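Sequence lines, in order, name chains A and B.
All residue numbers for the first sequence refer to the working numbering, where the first residue is 1222 and numbers rise by one.
All residue numbers for the second sequence refer to the working numbering, where the first residue is 5 and numbers rise by one.
A hint or two may mislead.
No more than 20 Å apart at the CA atoms, straight line, and that leaves these computed lysine to aspartate or glutamate pairs for EDC-like [what the hints assert, rightly or not]:
1. A:K1259 - A:E1389
2. A:K1483 - B:D33
3. A:K1395 - A:E1427
4. A:K1483 - B:D20
5. A:K1630 - B:D33
6. A:K1903 - B:E59
7. A:K1483 - B:D24
8. A:K1483 - B:E127
9. B:K87 - A:D1364
10. A:K1903 - B:D24
11. A:K1403 - A:E1877
12. B:K120 - B:E59
13. A:K1375 - A:E1393
14. B:K74 - B:E126
15. A:K1403 - A:E1427
16. A:K1952 - A:D1905
17. A:K1699 - A:D1476
18. A:K1952 - A:E1778
19. A:K1399 - A:E1778
20. A:K1395 - A:D1458
21. A:K1528 - A:D1763
22. A:K1544 - A:E1723
23. A:K1404 - A:E1914
24. A:K1404 - A:D1433
In short, the hints are calculated from the structure, not lab data.
Values in this document were obtained by computation on a predicted structure and should not be read as measured data.
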Amino acid sequence: MRDDRRHFLKTAGALVVSFSTGATAWARSAPGAITPSKTVNKEALDAWLAIGRDNSITVYSGKVDLGTGTRTALAQIAAEELDVAFDRVEMVMGDTGTTPDQWLTGANLTIAQGGSELRRAAASARAALIERAAQRLGAAPADLMVDDGVVRVKGDPSRHASYGELIERGFEIKVDSKAALKKAADYRIVGRNIPRVDIPGKVTGEWTYVHDFRLPGMLHARVIRSPIFGARVSSVDDRGARAVAGFVQTVRKGDFLAVVAKTEWAAIKASRAIGVQWGEGTRLPDKGTVFQTWRARPVAKTEATQKAGDAPAALAQAVRRVKASYEFSVQTHASLGPSCAVAQFKEGQLTVWSASQATHSMQTELAGITGLPPASIRLVYLEGAGCYGRNGHEDATADAAVIAQAIGKPVRVQWMREDETARAPKSPPRAMDFEAGLDAQGNVIAWNADFWIALNHIVAFKPLDFPLLAATEMGQPKPGNWVGFLFQNAGMGYTVPNIRVETHHVAETFFRSAHLRSPGRIENSFANEGFMDELAHAAGADPAEFRLRNLKDARAEAVIRAAMKLAGWQTRVGINPAAGSGSVVRGRGISYTRYNNAITYVAAVAEVEVNRDSGAVRVTRLCIGHDCGQMINPDGVANQVQGGALQTVSRTLMEEVQWTPERVTSVDWVTYPIARFTDLPKVDIELIDRPGEPAWGVGEPTAVVIPGAIANAIFDATGARLRSVPFTPEKVKAALAAAPARA
Amino acid sequence: MARITLRVNGATQSVDADPDTPLLYVLRDDLGLHGPKFGCGLGQCGACTVHLEGEAVRSCSVPVSAVAGKKVTTLEGLGSTAKPHPLQQAFIDEQAVQCGYCINGMIMTSAALLRKNGKPSEEQIRAALAGNLCRCGTHQRITAAVRRAALAA
Ligand code: FES
Ligand code: FES
Chain A
1222 MRDDRRHFLK
1232 TAGALVVSFS
1242 TGATAWARSA
1252 PGAITPSKTV
1262 NKEALDAWLA
1272 IGRDNSITVY
1282 SGKVDLGTGT
1292 RTALAQIAAE
1302 ELDVAFDRVE
1312 MVMGDTGTTP
1322 DQWLTGANLT
1332 IAQGGSELRR
1342 AAASARAALI
1352 ERAAQRLGAA
1362 PADLMVDDGV
1372 VRVKGDPSRH
1382 ASYGELIERG
1392 FEIKVDSKAA
1402 LKKAADYRIV
1412 GRNIPRVDIP
1422 GKVTGEWTYV
1432 HDFRLPGMLH
1442 ARVIRSPIFG
1452 ARVSSVDDRG
1462 ARAVAGFVQT
1472 VRKGDFLAVV
1482 AKTEWAAIKA
1492 SRAIGVQWGE
1502 GTRLPDKGTV
1512 FQTWRARPVA
1522 KTEATQKAGD
1532 APAALAQAVR
1542 RVKASYEFSV
1552 QTHASLGPSC
1562 AVAQFKEGQL
1572 TVWSASQATH
1582 SMQTELAGIT
1592 GLPPASIRLV
1602 YLEGAGCYGR
1612 NGHEDATADA
1622 AVIAQAIGKP
1632 VRVQWMREDE
1642 TARAPKSPPR
1652 AMDFEAGLDA
1662 QGNVIAWNAD
1672 FWIALNHIVA
1682 FKPLDFPLLA
1692 ATEMGQPKPG
1702 NWVGFLFQNA
1712 GMGYTVPNIR
1722 VETHHVAETF
1732 FRSAHLRSPG
1742 RIENSFANEG
1752 FMDELAHAAG
1762 ADPAEFRLRN
1772 LKDARAEAVI
1782 RAAMKLAGWQ
1792 TRVGINPAAG
1802 SGSVVRGRGI
1812 SYTRYNNAIT
1822 YVAAVAEVEV
1832 NRDSGAVRVT
1842 RLCIGHDCGQ
1852 MINPDGVANQ
1862 VQGGALQTVS
1872 RTLMEEVQWT
1882 PERVTSVDWV
1892 TYPIARFTDL
1902 PKVDIELIDR
1912 PGEPAWGVGE
1922 PTAVVIPGAI
1932 ANAIFDATGA
1942 RLRSVPFTPE
1952 KVKAALAAAP
1962 ARA
Chain B
5 MARITLRVNG
15 ATQSVDADPD
25 TPLLYVLRDD
35 LGLHGPKFGC
45 GLGQCGACTV
55 HLEGEAVRSC
65 SVPVSAVAGK
75 KVTTLEGLGS
85 TAKPHPLQQA
95 FIDEQAVQCG
105 YCINGMIMTS
115 AALLRKNGKP
125 SEEQIRAALA
135 GNLCRCGTHQ
145 RITAAVRRAA
155 LAA
């Protein structure tokens, strides 16, 4: 790591300049030029890579860096396959005008899918350039080698040609899906801790976030939205706004209402001074009974997500039956920076600088709202604050587009804190019911589970039916939630002979809903792992041993054992005899999941302190075993694992959207608190590297094991089962009261 | 509108602004500085932190008229990629960034801490940063970076 960093620091100045301005260079030089002369057709090699005469490499990635370090990791993959020094590679990400559509950035797929597509393209490029060099140098391809973008004849290095000389007018060929890939044993760049290229700019204020992007003559707007849930505009009186110095105009399209001003502060003041009469809202369900309401809602479809043997029959024969229900509350992304976008509409062409994780899909989503053909809409990605799913970025993008089209001048829209916390999409509520049966030896012979999940609305595998706020307000209601693949990990990952797992897809949610980090998997794994712990207890087994006993996968066992080793796991049955006798008691719990039951393996041990009087829970340590296959950048993996762990401690202990029948009352950091430095544990990590194995995602898996590990640790400390996230002091006290008296 | 003279990162600057404009907007929009960020506008998150006469303050909650003639330092005033401040270097060395939106506040608050207490303990660092929110879960690396900078000083 040290060497990488020293090497980087030497070149940091140059690198930062190119990386931090690369994505915006086009924007600054030629605003309004909607169609650069470059192919974005995924099959064309030129869509992915451009090579300069000076051997500089530009990679065009449809996947974007959401603040997770993939700008660096993807550049490592490209540099490795191309055989060029890492510093030569510059990334352009998520610009619909120049990058291929690689589907949206999410679902833990940037490296696994996006990286392997890019790797294939880079390998195709290397093979094509070697082919050209062979002709030019009069040598067989097998007799050539590549050294930092220069092709040389083996044994006669004076005969050479650089990529920059060989590229001529471009590749002008298709990506070869069978191009030979480099072997892991030959890697020099992949697998190394190359420092992230964005960090120097981000710690000095030189980086350009979407919030920092400016156009000449740009105005500022704020959108005015009802505090009453679902209320429409009855009437508007903008005399107050007009009186604000710097006010430019009001924009109203149906219920879409915005004020435009010369400065941000004037726009904010005008948005506060405008008089709006709101109509009746839509009543929200009683929050206290939300999970009963959720279970009773109409179900669009029920699916058999996992089936083995005959679970009902096996259950009937069980010596011991265990039954429990689990819940996971409505949460929100709560990005640290409210969403923002800048748009320009000129000569029928719309350009939006956006932090959306789905710039390509936004082309189509905006077409519906603006009435423009998708080809006249360009989105240029610029980073925002971390989004962890579909937060407000897409809505703000639509807001900017609508206003720019209405006023014909460049405009910047930034949401206020309340917009982001209260009005950005929410994760849907979740209810899960289990019953399992054990035989006389404590083996699990039957597992029966029902998951009430929100229906995902997919059009062409994209969120094209998602109700962007501007669309709804302009009278173009869209039917659907884009919540992600919530059935994933409903199926359990242990070797039980008789399993019946059904997912009931609830047709409509209360709030506009979208995926939030590890959607579905986090709720499902929390419940599966909490219930698995209940079974371990019923079977009289140590919870870690019980899991190992029910697994037949060496990589699964390895992450569990790694977490146990870090934690110094002591095998025992029942609650912690050394939990302590005062009001603060201690315990430890374990949880394991294989993401999607198909990719990254992760296990966590949580250590907690529970205050029996106040109900407060403190997580004091997390120990994580993690195997994502081939690691592209181990330090980047560690960063994501730590982030997923710490963010989820917050979600598990304190996060829950608050509402009354009239309105969402979580509007800021006081009403939607998140964990602070003083609330968070130390995270210890063991990363298991698997060179040459497929590289799987790391952004989401760790989050899924945290709630279960904490719940199981609370049980170990107190004998109380926490089955409803978040584990607020009230819920902890109720669970303590319901727990059997301690032995 | 009023003409207000500020001393920002060592330079004297004049802006025409509504006197009640929060300092944050003047820094970002009139002076083109990108270090301080808008996170809440309510004094709750710390993303907008700058130094006013050496003290860490929340620029979203200070009207520009209140800082006329006073010394303001932003993240840009600490250092640059060419010449990073020891704390900025420590954040690079620890790779203590995910999205990075909170990092301005983390560095500015830590810089004020280190000026008062050159060798803070882990607990003192956590306490000093308790009012600064990070949504990405970068906390462990941030405290490590502050410790590293303190040791290097
Ligand atoms: S933006 Fe100033 S404290 Fe949040
Ligand atoms: S790094 Fe994203 S909010 Fe802290």
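Status of the hints after comparison with the structure:
{"no.": "1", "hint": "A:K1259 - A:E1389", "in the structure": "15 Å, holds"}
{"no.": "2", "hint": "A:K1483 - B:D33", "in the structure": "11 Å, holds"}
{"no.": "3", "hint": "A:K1395 - A:E1427", "in the structure": "38 Å, violated"}
{"no.": "4", "hint": "A:K1483 - B:D20", "in the structure": "12 Å, holds"}
{"no.": "5", "hint": "A:K1630 - B:D33", "in the structure": "17 Å, holds"}
{"no.": "6", "hint": "A:K1903 - B:E59", "in the structure": "29 Å, violated"}
{"no.": "7", "hint": "A:K1483 - B:D24", "in the structure": "16 Å, holds"}
{"no.": "8", "hint": "A:K1483 - B:E127", "in the structure": "45 Å, violated"}
{"no.": "9", "hint": "B:K87 - A:D1364", "in the structure": "45 Å, violated"}
{"no.": "10", "hint": "A:K1903 - B:D24", "in the structure": "42 Å, violated"}
{"no.": "11", "hint": "A:K1403 - A:E1877", "in the structure": "47 Å, violated"}
{"no.": "12", "hint": "B:K120 - B:E59", "in the structure": "10 Å, holds"}
{"no.": "13", "hint": "A:K1375 - A:E1393", "in the structure": "27 Å, violated"}
{"no.": "14", "hint": "B:K74 - B:E126", "in the structure": "32 Å, violated"}
{"no.": "15", "hint": "A:K1403 - A:E1427", "in the structure": "36 Å, violated"}
{"no.": "16", "hint": "A:K1952 - A:D1905", "in the structure": "28 Å, violated"}
{"no.": "17", "hint": "A:K1699 - A:D1476", "in the structure": "15 Å, holds"}
{"no.": "18", "hint": "A:K1952 - A:E1778", "in the structure": "33 Å, violated"}
{"no.": "19", "hint": "A:K1399 - A:E1778", "in the structure": "34 Å, violated"}
{"no.": "20", "hint": "A:K1395 - A:D1458", "in the structure": "58 Å, violated"}
{"no.": "21", "hint": "A:K1528 - A:D1763", "in the structure": "27 Å, violated"}
{"no.": "22", "hint": "A:K1544 - A:E1723", "in the structure": "16 Å, holds"}
{"no.": "23", "hint": "A:K1404 - A:E1914", "in the structure": "10 Å, holds"}
{"no.": "24", "hint": "A:K1404 - A:D1433", "in the structure": "41 Å, violated"}
Of the numbered hints listed earlier, those contradicted by the structure are 3, 6, 8, 9, 10, 11, 13, 14, 15, 16, 18, 19, 20, 21 and 24.
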